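J.: Each chain, written out:
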Amino acid sequence: VPYYWFHAFKRDSIPDTLAVLRSGPEIHPSPSCKTRQNEEALDIVPPCVYAYLGRTHEAFGNAAISLPISALNGKVTPFDSGGLVEHIQPVKDWESSARRKYLAEFTWSTDDLGALLPAYPTESHPGRRAYLNADRPPHEGPHAIWPPDDASLIASIWSEPNEWRSWLWEGRSEGQLPVGDDLVAWSCSNTTYGSILALTESLTAPQDVAWAERLVSKYVSGGVSALIESLRLVQEAA
Amino acid sequence: MSWHIVGIEGVVPSDAAVVWGVAALSDGVRLHNPRTQVSVPLSELPRLRDDQHLHVFPTAIEIDDDDAHEDLVVLMIQRGTRYETFFLPETGRLGGVVTHRRRKPWHYCVFRDQQAFSVYANGVASQVLTHVLYQPQVAEEPRELVLTALTLVPSHPELNAIRAYLDGRPHVARLARASVRSDLQRQAFDLFLTALQNDGDELQLKYFDGAAQGGGFDVDVAAHTLKAVQTASGAFTPFLERHYPFLEKAPPPRLRELRAASAEFHFVPTVEGRPLGERVTRYLCLHFIEEALRGNRPADMPHSESLDAAIRTIAQPAAATRLQQKRLSETEREDVHQLESSEPTSTWSPPLVVLGVVSGLEDDSQAELWIGPDRRFFVSTVNDGAGERPIGADVIKGDGSFLRQPCVFWLIRESKSNGTERFHLKQMEALNLGDKATVTALPSNVVDGAFVTDRSFEIELRPNATLVTPLGAFTDVTARTLDSARRWLSKYREACKEFELAASTRELNWLPPTKTPEPSSLVRVLLVLRSLSGGVALATDVVAGINERFKLVVRVNNTRREVGAHPDLLEFVGADNKVIRLTDRGRAFIDVYVAAGGATGLP
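Going down the list, the sequences are from chains H and X.
The letter at position 150 of the first sequence is residue 715 when you use the numbering used here, and the numbering goes up by one with no holes.
The letter at position 40 of the second sequence is residue 660 when you use the numbering used here, and the numbering goes up by one with no holes.
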């Protein structure tokens, strides 16, 4: 499958940043953070780590990793679930129970991605390219591809005024998104990279050095946007 | 619409010396990412800042509307830091700078795109390397400088090699090597690190039989051999200057030991009291000589008959004489086999998309292309070098109406090891009124046979028969007469030359000529002046430099004549005409000449 998961992150210290790069991001520890609040509103249990297919969820970022599609085991939806609470019209204005129902209707297991992606964004090159360019899909919403039995769940969330995050595949991994040897590439701001370079030089245990070698060999210079853009071309050409 | 850069992607620590990243652009309504082309409402800016996805500037930087659609990269240099001078871009000389601002505590510089930033970053890497290689003593201080420079160009082979060398720990060398990307870059890293680390190595040449029969070596043969070593070393100088712009002039090979009775020559990179950079340069010269003795040559080095002859002489200075060499970093000697004259091998250039005209036909299968007043050659119109008919070449037949019509040609240059070349036409597009096209290469107007490459110029043939290019507009290009073609091609050539000289050598890439032309008398003066401090010297010193460097006997009057003939490039200082100086244009000219692969010493 020619797509990668992307997860953007920011940690306050370089050791914490390296921990994410080595083991993978864990859920945000604060129960009051916006992600936890949205999960509560949408009945997403237990808390998850989020990744997005093809690009990051934010327009900018300080650091990000990309992983193969097989690296995430959990649930997927063809939109940003947090947007159902925050900005995706018309669902954001629905009753809480209706929003939860909407999310459940368009949530699948990652095992189903092999069948879901040929439907959206399709296996065609133009379809893939349009998705990777964050272009608006030709359908009004996911209901046009996967019709719900309940007509009240029809919502044109891929139409105006909603924007690209409303049609970005989201993956949810319970507790942690493991990285291990799956890291495809990563990037961060140049100042963070400079600190990482200095810190990796202090690693001396053979397994740590071997890991750091693999890590620096997968660094994409230029920051998160450069990572997205370089892998956009790879994904499009795949 | 008014466009502003409101921030930069990622975080900006207050103690950072250098920060760079994608610009965050605002049109007053939305926040745009010029790299990924996505945008979000501007109202999200505070959240993105608070979540540390981007850094917001205290005062936005206004940019022209035209620049707002570029892939803008922001560079921030903290003022007053220890290394500020290394990282401050020369905004006056550097191309691709959209705007720059000084606002305490930062100096901001906005580059048009990643390519423009890369030119700057590689220039910084060269400055840092020169500093470390030629400072009196290697101290602890440069490690921090090197690490900071690596945040601009993380995979730079030589910068990573110097990082490994300065640290000295094996695991840091592994990390530095892992930062380098392609196999070619890893080879460059390995070679440079070896050159840095090995100060006790020797290249040993030991002869047997023939001239060495019975012990000892005839003096004339020895002198002939040493001369060949010097010639070979000189032949690699332009290659070294091009690939290692941070190295100073290559010194001649240092003969440490001559064992006459054993017919052995020992050459060393290390000379007591000389800077690290000189050792590295000597090492690289000796390395390329020993590799040439094994039949290996850098792939992008132009063919040189004199190098071939020198290598053949070193390998066999007299009949029936055999050579063994102990290479640098090796312990055992190996046989050197006489290099046989063989069928010339070919190397192919990347595609060169150039502007020109078809100026003649030999028959329907051979067209003469004219891509500049002095650049004409024939190409096949039925075979693109791979057995296929060039795309678009079917217009070259019949009534000749295509002659001298502005065209864009996709060419591959085949360079043979014997110094000959031929061009293969892959595709051509005759430009009609209203047509637009892209040109990626310009014939160099400083070094014959070289091309400026890796650029992208959008051109348009307007309905009024004016060819509009980023280098200038050329009128009446569709008359198709000989005079008309000569006129606009000459003007185009002049515009190309101005572009070539105006741009910093860091901004441009050149495909070197297949065969390096010998330096003209003007170029010899410029080269020697360039190597002298500040580009200014007594005419007598210039003459001495020319005579030493090129083994010539020229006189002061010859040199003064060049000043009179080229007042745009050279000038006298003072009324007595004793001191000569490079003009700014002269300096630009000779910098381009070296970067484009012109000969800088004896062939």
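Hints listed in this document are in silico derivations from the structure and should not be mistaken for laboratory results.
This one's a predicted model, so the numbers in the text were calculated from it and none came from an experiment.
Some hints here could point you the wrong way.
Simulated pairs of lysine to any residue, SDA-like, Cα-Cα distance not exceeding 25 Å [what the hints assert, rightly or not]:
| no. | chain 1 | residue 1 | chain 2 | residue 2 |
| --- | --- | --- | --- | --- |
| 1 | H | K657 | X | S663 |
| 2 | H | K575 | X | P654 |
| 3 | H | K575 | X | E664 |
| 4 | H | K599 | X | S659 |
| 5 | H | K783 | X | D733 |
| 6 | H | K783 | X | E764 |
| 7 | X | K1056 | X | S634 |
| 8 | H | K783 | X | A688 |
| 9 | H | K783 | X | Q735 |
| 10 | H | K575 | X | K1036 |
| 11 | H | K575 | X | S634 |
| 12 | H | K783 | X | D803 |
| 13 | X | K1056 | X | E690 |
| 14 | H | K783 | X | P654 |
| 15 | H | K783 | X | N742 |
| 16 | H | K599 | X | P666 |
| 17 | H | K575 | X | F677 |
| 18 | H | K599 | X | R667 |
| 19 | H | K657 | X | A793 |
| 20 | X | K1036 | X | Q986 |
| 21 | H | K783 | X | S663 |
| 22 | H | K657 | X | S634 |
| 23 | H | K575 | X | Q986 |
| 24 | H | K575 | X | S663 |
| 25 | H | K575 | X | D803 |
| 26 | H | K783 | X | S775 |
| 27 | H | K783 | X | L765 |
Pair by pair, the computed Cβ-Cβ distance ranges are [stated by the list, open to error]:
| no. | chain 1 | residue 1 | chain 2 | residue 2 | range |
| --- | --- | --- | --- | --- | --- |
| 28 | H | L764 | X | G1092 | 47 to 55 Å |
| 29 | X | T965 | H | R694 | 35 to 43 Å |
| 30 | H | A763 | X | R1009 | 53 to 61 Å |
| 31 | X | R806 | H | L764 | 40 to 48 Å |
| 32 | X | H886 | H | L764 | 56 to 64 Å |
| 33 | H | P580 | X | S802 | 51 to 59 Å |
| 34 | H | L764 | X | D920 | 45 to 53 Å |
All C-beta atoms, glycine included, are put in the ideal place defined by N, C-alpha and C.
J.: If a hint holds in the structure, say so; if it doesn't, say that too.
T.: Status of the hints after comparison with the structure:
no.: 1; hint: H:K657 with X:S663; verdict: holds, 18 Å
no.: 2; hint: H:K575 with X:P654; verdict: holds, 21 Å
no.: 3; hint: H:K575 with X:E664; verdict: holds, 17 Å
no.: 4; hint: H:K599 with X:S659; verdict: holds, 22 Å
no.: 5; hint: H:K783 with X:D733; verdict: holds, 23 Å
no.: 6; hint: H:K783 with X:E764; verdict: holds, 23 Å
no.: 7; hint: X:K1056 with X:S634; verdict: violated, 48 Å
no.: 8; hint: H:K783 with X:A688; verdict: violated, 31 Å
no.: 9; hint: H:K783 with X:Q735; verdict: holds, 21 Å
no.: 10; hint: H:K575 with X:K1036; verdict: violated, 54 Å
no.: 11; hint: H:K575 with X:S634; verdict: holds, 17 Å
no.: 12; hint: H:K783 with X:D803; verdict: holds, 15 Å
no.: 13; hint: X:K1056 with X:E690; verdict: holds, 20 Å
no.: 14; hint: H:K783 with X:P654; verdict: holds, 24 Å
no.: 15; hint: H:K783 with X:N742; verdict: holds, 21 Å
no.: 16; hint: H:K599 with X:P666; verdict: holds, 15 Å
no.: 17; hint: H:K575 with X:F677; verdict: holds, 19 Å
no.: 18; hint: H:K599 with X:R667; verdict: holds, 12 Å
no.: 19; hint: H:K657 with X:A793; verdict: violated, 54 Å
no.: 20; hint: X:K1036 with X:Q986; verdict: holds, 20 Å
no.: 21; hint: H:K783 with X:S663; verdict: violated, 34 Å
no.: 22; hint: H:K657 with X:S634; verdict: violated, 39 Å
no.: 23; hint: H:K575 with X:Q986; verdict: violated, 62 Å
no.: 24; hint: H:K575 with X:S663; verdict: holds, 21 Å
no.: 25; hint: H:K575 with X:D803; verdict: violated, 33 Å
no.: 26; hint: H:K783 with X:S775; verdict: holds, 11 Å
no.: 27; hint: H:K783 with X:L765; verdict: holds, 23 Å
no.: 28; hint: H:L764 with X:G1092: 47 to 55 Å; verdict: holds, 52 Å
no.: 29; hint: X:T965 with H:R694: 35 to 43 Å; verdict: holds, 41 Å
no.: 30; hint: H:A763 with X:R1009: 53 to 61 Å; verdict: holds, 58 Å
no.: 31; hint: X:R806 with H:L764: 40 to 48 Å; verdict: violated, 24 Å
no.: 32; hint: X:H886 with H:L764: 56 to 64 Å; verdict: violated, 44 Å
no.: 33; hint: H:P580 with X:S802: 51 to 59 Å; verdict: violated, 31 Å
no.: 34; hint: H:L764 with X:D920: 45 to 53 Å; verdict: violated, 37 Å
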